[in-house]
Every structure is written in C-alpha cells, then in structure tokens.
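Q: Listed here are the chains, written in short residue letters.
4 protein chains.
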Amino acid sequence: MIYFCGPLSYNMKQSTIKRFVEHPFTQRFIIFLIILNSILIGLETSPVYMEHFGFYIDQIDKIILFIFVAEIFLKLYAYGWRFFGSAWNLFDSAVILVSVIPSIGASFTVLRALRILRTLRLLNNIPKLKIIIESLLHAIPSIGWIAVLLTIIFYIFAVIGNNLFATAHPEYFGSLTGSLFTLFQIMTLESWSSGIARPIIGEMPFASIYFVIFILIATYTTLNIFIAIVVNTMNELHRAGLNEEEEHIKKFVHSEHERLNNQIADMKSELSEIKELLKQQTAKP
Amino acid sequence: MIYFCGPLSYNMKQSTIKRFVEHPFTQRFIIFLIILNSILIGLETSPVYMEHFGFYIDQIDKIILFIFVAEIFLKLYAYGWRFFGSAWNLFDSAVILVSVIPSIGASFTVLRALRILRTLRLLNNIPKLKIIIESLLHAIPSIGWIAVLLTIIFYIFAVIGNNLFATAHPEYFGSLTGSLFTLFQIMTLESWSSGIARPIIGEMPFASIYFVIFILIATYTTLNIFIAIVVNTMNELHRAGLNEEEEHIKKFVHSEHERLNNQIADMKSELSEIKELLKQQTAKP
Amino acid sequence: MIYFCGPLSYNMKQSTIKRFVEHPFTQRFIIFLIILNSILIGLETSPVYMEHFGFYIDQIDKIILFIFVAEIFLKLYAYGWRFFGSAWNLFDSAVILVSVIPSIGASFTVLRALRILRTLRLLNNIPKLKIIIESLLHAIPSIGWIAVLLTIIFYIFAVIGNNLFATAHPEYFGSLTGSLFTLFQIMTLESWSSGIARPIIGEMPFASIYFVIFILIATYTTLNIFIAIVVNTMNELHRAGLNEEEEHIKKFVHSEHERLNNQIADMKSELSEIKELLKQQTAKP
Amino acid sequence: MIYFCGPLSYNMKQSTIKRFVEHPFTQRFIIFLIILNSILIGLETSPVYMEHFGFYIDQIDKIILFIFVAEIFLKLYAYGWRFFGSAWNLFDSAVILVSVIPSIGASFTVLRALRILRTLRLLNNIPKLKIIIESLLHAIPSIGWIAVLLTIIFYIFAVIGNNLFATAHPEYFGSLTGSLFTLFQIMTLESWSSGIARPIIGEMPFASIYFVIFILIATYTTLNIFIAIVVNTMNELHRAGLNEEEEHIKKFVHSEHERLNNQIADMKSELSEIKELLKQQTAKP
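Protein chains in written order, with the numbering used here: chain F, 1 to 285; chain D, 1 to 285; chain B, 1 to 285; chain X, 1 to 285.
These are calculated hints, taken from the structure and not from any lab test.
Warning: the hint list may mix true and false statements.
Residues on chain D that point at chain F, a partial pick, calculated with CB under 8 Å [as the list claims (entries may be wrong)]: (1) Ile227; (2) Ser269; (3) Leu271.
A virtual CB, placed ideally from N, CA and C, is assigned to each residue, including glycine.
All chains, full assembly: derive it from the sequences and hints.
A: Set out below in structure tokens:
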C-alpha cells in the first residue's frame, strides 16, 4: 500500500484522507459527477450533440473517470485491505474497472456501451437507494429454492419441447437454449398462442396439452415466488409488531402488580407490627 | 380582492357568499353541471348529434363554463388568499383555466380535447372520490425511491440498447427516447419477443441476454413497488389493530386489579382496626 | 297464490311440498339434472352427435326444462311471496325464464345459446359454490368507488383519444364506444404498442405521452382495486384473530385473579376471626 | 417379497438394506446420478454431441437406469408393502417405470422424450424441494371450489361462443374443445383483441360484450384464486404468531401472579401465627 500510494503518504496521514473521502461535501460531489457523467454518456447517443460538443464531452468524460479512479486509490490507501471487506466497494471498483477498459483501448461499441454502468455507482453512493437494493436482495434467499424448482421445470419442458417440435418448428424449439428462450417467452404469455402454440397445434393437436400444462405450472410457481416475498415481508413486520405489543402488555401488567405488591408489603409490615404487639402482650404479665 | 370583486361586495357579505358556496344544494348542483357537461362533451364526438344539436350543446357548454368561472371567483372572494392554500382549489382552478382557453380563442382540436378535463372536477367535488384519490396519492411516497431505481435501470438499458441495436433496428432503439419507449413496452411484456427480441436475436444471438436480464430486473422491481404498497397498507392497519387490542387488554387488567385493590383496601382497614383494638388492650390495665 | 296453484292445494299441504322440495334427495336430483342438461347442451355443439342422437337430446332437454319449471311453481306454492325475498330465487327463475323462450318460440341461434345459462343454477344449488359466489360479491362494495374512478379515467381518455386520433385511426378511436373498447384493450396491455401506439406515434410523436400516462394511471388504479380486496379480506381475518386472542387473554387473566381473590377471601375470613377473638378478649374481664 | 428378492435375502438382512438405502452417501450418490442423467439427456438434443459421444451417452444412460431400478427393488425389499404407503414412492416408481418403456422397446420420439421426467426424482430426493412441492400442493385445496367455478364459467362461455361464432370463425370457436382453448388464450390476455375479438366484432358488433364480460369475470375469479392463497398462508402464520404471543403473555402473567401468591401465602402463615398467639392468650388466664 505504502509503495503504491507513496508520494501521497509523505504529506498526508491515512486519517486525513479518510476524513476527506468520507466528508459529506466529497460524497455529494461524487454523486454530482456520476449524474453529470451519466447525462453526458446519454448525450453521446445523439449524433447532433456529438458533432458539435463531441470533443468536450470526451474530455470531461476522461476527467471524471480520472477522479473516479483517484477516489478508489484514496479509499484503498485510507482503508487498506479492509476496503475489500465490503461487497459495495468491490462492486464500485468492478464498475469503474469495466469502464476504464474502453477508455484506454480500442473503442468497440459493445465495450463503450458498458461505460453507462458507472451510473450504477449511484446505488452505492445514495444511502436510500442502498437500502432499497439491500431490501430487494434480502428477499432473494426466500425464493431461492422456488427458483431451483422453476429451473427444473424449464429444463424438463425444454427437453420435451425440443424432442417433439424441433423438426416442425426449429425457429422455436431448434436447440435446447432456443427452447429455454421460447419457454421464457411463453411464461411471460407473449404471443404464446397466436405466435407459437396455434401453428404447432395445427400440425399436432395434442401439443395444446404441452402448452396449457406448462403455462399452468410456470405461472402457478412464479405466483408462489411472489407470494413467498409478500408473506415473508409481512410476517417479519407482523412478528415485530406482536413482540412490541407483548412487551407493552408485560410492562403494563408488571407495573400494575408493583402497585399490588406495594399494598401487600404495607399489609405485611402491619401484620408484623400486630404480631409484635401481641408478643409483647403475651410476654407482659 | 375588494377591487376585484368590487360590485359584489356592496350588497353581499363574505360570510353570506361562503355559506352559499358551501351549501349542500350548491355543491350538488355543481356536481350535476360537471356530469352534464361531461356528457355533452362526449356527445360532441358524434357527428350525428353535432349536426342536429350542435348549436344548443355549444350554448349550454358556454353557460356551464360561465357558472364554473363564477364559482371560482365567488370562492376567491369568500376565502381570500386562503383559497390558494388548498391543493384541491389550485387543481380546480387549473382545470377550469385550461378549458377556458379553447372556448375563447381558436378551436384547435388538441385544445378543445382538453375541455373534458373538467370531468376531473368530480374528484374534488365528490367526497368519496376525494378520499380514494388521497389514499392513492398517500401510497406514492413509499414507492418514491423504487421509482428512482427503476428510472436508473431504464436509463442504463436505454443507453446500452441504443449503442448496440441502433444501427440494425432504428425503429426500436434509434434514439434515447425511442429506446426508453421500447423498454417501457418490453416491461409491459407486449410483443417483447415476437416483435422486438426475436428479429434482433436473429442477427445478434447474444442479445437475448440483454432482453431476459432487463425483463427479470424490471418485473422484479415493479413487483416490489406493488409489494411495498400492500405491505405498507397492511402494516398500518395491523399496528392500529394491535394498539387497539393492547388498550383493551390494559383496560381490562386495570379494572380487574381495581377489584383486587378494593379487597386489599378492605383488608387494610380491618388490619388497622385490629391494631387499634390491640393497642387499647395493651393500654388498658 | 291459491288460485294459481289451485289444483294442487286440494290434495297437498304447503308444508308437505316444502319438505319435498327441500329434501336432500330432491336437491341432489336437481343438481344431477342441471349437470346432465349442461352436458347435453354441450353435446349439441357437435354435428356428429346431433345427427345421431339429436332427437333424443331434444326430448330429454324438454323434459328437464319441464321439471325445472315445475320446481319453480312448487317452490312458489310452498313459500308464497317470501319466494321473491331471496335474490337467489329470483336469479334461478330468471335463468329458467330466459331458457324457456327459445324452447317455445323460434329457434334463433342467439337465443338457443342462452339455454346454457341454466348451468348457472349450479351456483345456487351447490352450497360450497354459493359461499364462494357470495364471498366474491362481498368484496365488490369495497372496490365500488375505485370502479367509479376508473370509469371517469376511461371516459376522459376516450374523449381525448377520439378528438386526437379519430381522423387518422378510425378503426381504434372512430367513436366513443370504439375508443372505450380500445382503452380496455390497452389496459389489458394486449398489442397496445405494436398494434395501436406505434402506428399512431409514427404520425404524431407526442401521442406516446397519451399512451404511457394512460397505462400508468389505469394499471396503478387497477392494482389498487386488487390491493383493496387483499387488504380488506386480511384485515377482517386479522381483527377476528385479535379479538379471539383478546378474549383468551382476558379469560385467562380473570381465572387467575379468581384464584387470587379466593386467597384474599380466605385471609379476610381469618382477619374476621382474629377480630372476633380480640373483641371477646377485650370484653372478657 | 421374499421370493422376489430371493437371491439377496440369503446374505443380507432387511435392516442392513434399509440402512444402506437411507445412508446419506447413497442418497447423495442418487442425486448425483439424477443430475448427471438429466444433463446427458439434455446433451442428446445436440446432434454434434450425439455424433461423437452418442454411444457412451447411451451406455451411461442404461447403467443409470439399471441403478434406479435396483434402488426401487432394494427399497421394496427393505420396506415391504409399506413402500406403497408413501405417495412420493409411488411417484418415484411411476417416473422410473415411464422411462423404462422407451429404453426397452422401440425408440419412438414421444416416448424417448418422457425419459427427462426422471429429473422429477430430484423433487423427492432433495428435502428442500420436497418441502416446497408440499407447500405448493398444500395451497391447492383452498382454491378447489374456485377452480370448479372457473370450469363452469369456461364451459358456459365455450358453449355460447361456439353457438355464436362457429360459422364465422371456426379456427377459434369451431368445436367445444377449440373454444375452451381460445378462452384459455383470452384469459391469459394473449392477442385476445387484435387476434380474436376485433375480427369477430368487425362482423358482429355486439360480440364485444361477450369478450369484455368474459375477461372481467375470468380475471376477477383468477385474481381471487391468488388472493385465496395469499390470505390463507398469511392467516395461518398470523394465527401461529398470535397463539405464540398469547402463550407468552399467559406465562408471564402466571409467573407474576405466582409472586403475588407467595406474598399472600406469607401473609396467611403470619395470620395463622397471630391467631394461634391470640388463642393461647385467650386460653391462658
């Protein structure tokens, strides 16, 4: 680390850099740069703008990329290896890395297109979006095994579809991957009948069973992915609400009982006094 | 205000106007006029009706518009500047203003079409609809940041789509706005495969990844907008229900304890009596 | 009533008829006849069957219809005017009435098709289905005003669509009813873009705003109809659950307190005894 | 059983076999074989692979099938008739039986395609998937009667559609089964208007009523299937949560009351002592 960021380490302490990188102003400036950069990459899609301002857009793009790379190195210096402990930092670095490639090397269209992925840095840098992304990812484990089930269903129907319809309709069921794409289209219900099923059924009437069963199973399973998410989220909130209520009731009952307890304690001291009096009397003469 | 409504202020008090404007009869009459006006504007779409009754429809339309404008001015006079404090009043005025323009000036078709927006005044004037509109708007903040996320996703895919497919399919991805519209169509799953994806995949096989990933991300995110609304609404009702139950249980426990308390109080007075008796006894001989 | 069912009233009591009509066997027989009749009407759609068994099917159909009509008259006699107090009975009579018409008069295809509506009698005669229908209808009032809102939205967009696009695309927006049907199609998202929006946008680019806004508003409102039903149903069940729990806790707390109360009562009697003893002692010497 | 597995019974006990069959290693090996087999059947769809490795794939397939059949027989021997008591075992056997047929006899494409059904054995052998399948099936009874209702609706609309539109559009409503398939397509909203409804409405304008009413009823009913599942699942979890909370509160209240009870017991013994003292005193002189 020290060799890497050598020149900087002479005049700045790690903590100063850290304070600088985490300063609200720096963070807002980075957000501003991400948005500016996204807009500029958007403008590049317009030939008219590129003709007139292409040179300036390119220059600003390079400057912004330089600042992004510098930010990464500053963070690396400030946090050391802990930097790689956060999935968000890795995501950030990967996004910048991917968009450095087209800037350096040849300008292949496909690679240039990936530069827009820098916009994804917003997800990391705006806390509200970070929370939403994390809540969206949080729901995924609960649907993991339904997704495995859906994969199995797709695979089985793809193999059957390929076996039965490949000869007659190679454009839909010609290969296994082609069949999987066709089944995905059928699951979204797009042109499943007018485009795919009816021409096939015209030749093989029994094929309608294949399509109807696949749609029923696929939509029912997808529906259950949705239900799993709703029910999970509701249940968590529900349990939290119940626990809170339970605490309130317990606290209330306890405080009420304290009152009763105090009364009983009073009575007990009264009783002790009475016993004392009685004992004195008995002992007296 | 006074100069503006000058002639009226000589013979009527603000409060009288206010009472008149807020009278149930006036309000029902306004609702009747809005519905009548909506029906007449609907009839104007039929050439047969326009030929026979066009003149009368036009006249009634002008009279109703005059009454609507008069209503606004009466309200302005009655409430003064507070009139502009309500978003609903501003909405009402804007709707009437928009529909005054075509009545005065040239009869451009586009502007004439806007006159039907007067029907929107029903939303303000029928309390039940007002409640529903407010509850629909109430749910929007909870989906605000997911909408921002969706915008980012759309923007990224629009730029990538434009970069990759603009040359081959300018009708779908020719410009950034065109790409955004195409992505909106794909999100609604309309002809996404048969119309858009398959022709493109025919030339660039890897494009299927672009479409499948976009559909998975876009539908999953949209789904979560929906889930957010359901869960929020349910959670509010749920908390209300729990709080109510908590209150009931607390009240019940408290009243039960009062009974115990009374018993204990009885015992305490008994104890005092006993102590008193004992003390007398001790003091006696 | 008596004149109407005169001949019957000589040899049978109302209560006997009622017992006969409500007998499980009669009801199962009616269900059997409805299903048989439905199957026969289904068979009539096949020319092959009609050629061979057409005559028998027609005869059985007439017999079953006669039994259905007889059943109505028996019920009328048994229940008197109270018969018309139940919406289900009116529904039943209407369904039979509608299917009597084609049997008597000319055999218009349209009217003959209505005979299949007799199958709807199953909804009334199978209790489980009756419950489901009633629960489906039960949810409707909660969505009533959202439906009114949706009607207003449809009406406004139909008038605007007719004004703007009638000249260029009369097949979609030629008349007000045509526009309403097109908007219904757009709401179901069927071919909204490839079939309707894109050709129009090709001529008037700003039209895309019209379609996107309509889809956003219409689907969001429809979504809320759905949410309203889920939330209402859940809330009812939820409240029931909470009330039950509340009762259980109250009962438990009360029984526990009874135990405490008994203990306290014991103590009180002890105290009385003690007081008595003390009083005797004081009075003694 | 003994005759059937005769040779095995000489050197192995039932319990040894059972232990072997239920051993985690055996089960993981079976899962591995199912996945391997599924991949091989998938590879068979590629002519390139079949040309080069066709022979080996076929051989491995036969070996795996032999192991599967052997596993069934071992289980039959280990569990005896109880083997047939589990629906999962019957499912397993049926799946293997179906895929034995094409391996033995002629290689009809349709039958060969069924071999991929072996992949379904994963549902039985991976516990997590078993749980998901069981929870998916668990929800079905709650939607049973809505499914009956949907069948009735489909049947009625199919007969009416066949009666009205068979002559003009035999491709959609030519037969009863054809009409049912068309209605299923309309329920999924695929090309319902552009493909089916508009051409028919062009000839019979009133037909739009038929389609709109069917879509409203069918989607509303389907929606309620979905709602039934969500509400049922939520309600079960909800009741469980409430019961748990109820138990917690009861336990807490009880333990609190025990504390009060102990106090009261103390007081009681004090009172007895006092009474004793008093009695002694009274008896003394």
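Q: Hints first: check each against the structure and report whether it holds.
A: These are the hints, each one checked on the structure:
The beta carbon of Ile227 (chain D) comes within 6 Å of a beta carbon in chain F, closer than 8 Å, and the hint placing it at the interface holds. Below 8 Å, beta-carbon pairs count as interface contacts, and Ser269 (chain D) has none with chain F, the closest being about 11 Å; its hint is therefore violated. Look at Leu271 (chain D): its Cβ gets to within about 5 Å of chain F, closer than 8 Å, so that hint holds up.
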